[in-house]
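**Student:** Sequence:
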Amino acid sequence: MQLLLSSQASTFEKCIRANKLFIRNQEFQMIEMPSGDAALNFIGGGGNIQAHWTAPKGESKNVSALVCHPHPLGGGTMDNKVVTTLTRNFRDAGIGCLRLNFRGVGHSEGGFDFGVGESEDVMILLHWLRRQNPDHKILLAGFSFGSFVSLRAANLLPKEIVERILLIAPPVLRFNFRAIGAPVHPLTIIQPQQDEIVSPQAVEAWVSELQGDKQFIKAEACGHFFHGQLSLLKDLVNQNFVG
115 MQLLLSSQAS
125 TFEKCIRANK
135 LFIRNQEFQM
145 IEMPSGDAAL
155 NFIGGGGNIQ
165 AHWTAPKGES
175 KNVSALVCHP
185 HPLGGGTMDN
195 KVVTTLTRNF
205 RDAGIGCLRL
215 NFRGVGHSEG
225 GFDFGVGESE
235 DVMILLHWLR
245 RQNPDHKILL
255 AGFSFGSFVS
265 LRAANLLPKE
275 IVERILLIAP
285 PVLRFNFRAI
295 GAPVHPLTII
305 QPQQDEIVSP
315 QAVEAWVSEL
325 QGDKQFIKAE
335 ACGHFFHGQL
345 SLLKDLVNQN
355 FVG
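Each residue of the sequence shown is one higher than the one before, starting from 115 at the first, in my numbering.
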């Protein structure tokens with residue numbers, strides 16, 4: 115069944131249809147926004163999508179966030195410490211946050227799909243967020259492999275609904291970021307300078323090629339996973355992304 119059927123489709127809905135995103139049914143449209151933190155399940159192209167909603171603290175902003183985790187085959191999950199740090203950042207800033215397990219992780223069905231199916235699943239969750247809060251803009255964030263998925267999904271979204279994109283340690287040599295095309299939304303990149311997995315020099319070279327609203331932040335003395343440096347990551351995000 116096609117994801118959206120309305121003849122009065124919004125730009126976002128037309129965008130989803132144009133990219134041929136299908137799901138088994140439309141049960142996700144019946145899921146209401148939880149009043150507090152909650153486990154959620156959606157249906158995507160690979161089957162069940164396990165997700166978790168973290169409600170905002172204090173006065174809520176007109177923004178909703180979605181965070182993508184690192185590589186599933188390397189042990190990445192939505193409970194990764196960088197992902198949960200970002201989630202708490204957003205929560206404390208008055209921004210509700212959705213995170214998901216990619217295909218084949220936890221209770222999410224299917225298998226690793228090299229960023230393609232993962233991006234489709236992200237689009238389904240973004241559509242749900244927009245259905246729940248049509249006046250909210252989207253903050254989309256990803257760590258490592260999750261940054262590739264986030265950017266793929268972001269470039270399918272119309273400019274008017276995206277607040278900003280955050281990429282942390284994007285693996286530009288392992289995945290073809292250039293094939294995604296030039297980012298069409300405001301972009302913040304945080305790159306650890308002692309990264310043992312992603313080349314800081316390659317990331318900086320890629321960023322130098324990008325046009326438009328971009329912000330490149332070097333996280334000095336940090337490795338890929340921010341071991342012992344999560345407080346620094348939190349400060350960088352607060353100062354440059356949600357502050």
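Note that these hints are calculated values from the structure, not bench results. Please note that the accuracy of each hint is not assured.
[What the hints assert, rightly or not] Below, in silico cross-link-like pairs of lysine-lysine (DSS-like), each with a Cα-Cα straight-line distance of 30 Å or less:
1) 348 x 328
2) 332 x 175
3) 332 x 195
4) 273 x 175
5) 328 x 273
6) 273 x 171
7) 195 x 251
8) 175 x 251
9) 273 x 332
**Student:** Indicate, hint by hint, whether the structure satisfies it.
**Tutor:** Comparing the hints with the structure gives:
1. A distance of roughly 19 Å separates the Cα atoms of residue 348 and residue 328; the hinted pair therefore holds under the 30 Å criterion.
2. Between residue 332 and residue 175 the alpha-carbon distance is near 28 Å, which keeps this suggested pair within the 30 Å criterion.
3. Taken as a hint, the residue 332 and residue 195 pair is honoured in the structure, with Cα atoms around 19 Å apart against an allowance of 30 Å.
4. For the given pair, residue 273 sits about 19 Å from residue 175 by alpha-carbon distance, which is consistent with the 30 Å threshold.
5. Using a Cα cut-off of 30 Å, the hinted pair residue 328 and residue 273 holds, with the two alpha carbons roughly 15 Å apart.
6. For the hint linking residue 273 to residue 171, the alpha-carbon distance of about 27 Å falls within 30 Å, and the restraint holds.
7. At roughly 25 Å between alpha-carbon atoms, residue 195 and residue 251 fall within 30 Å of each other, so this suggested pair holds.
8. Taking the CA atoms of residue 175 and residue 251, the gap is about 10 Å. The hint holds against a cut of 30 Å.
9. With a CA separation close to 26 Å, the supplied pair residue 273 and residue 332 stays within the 30 Å bound.
In this structure, none of the earlier numbered hints is contradicted; all agree with it.
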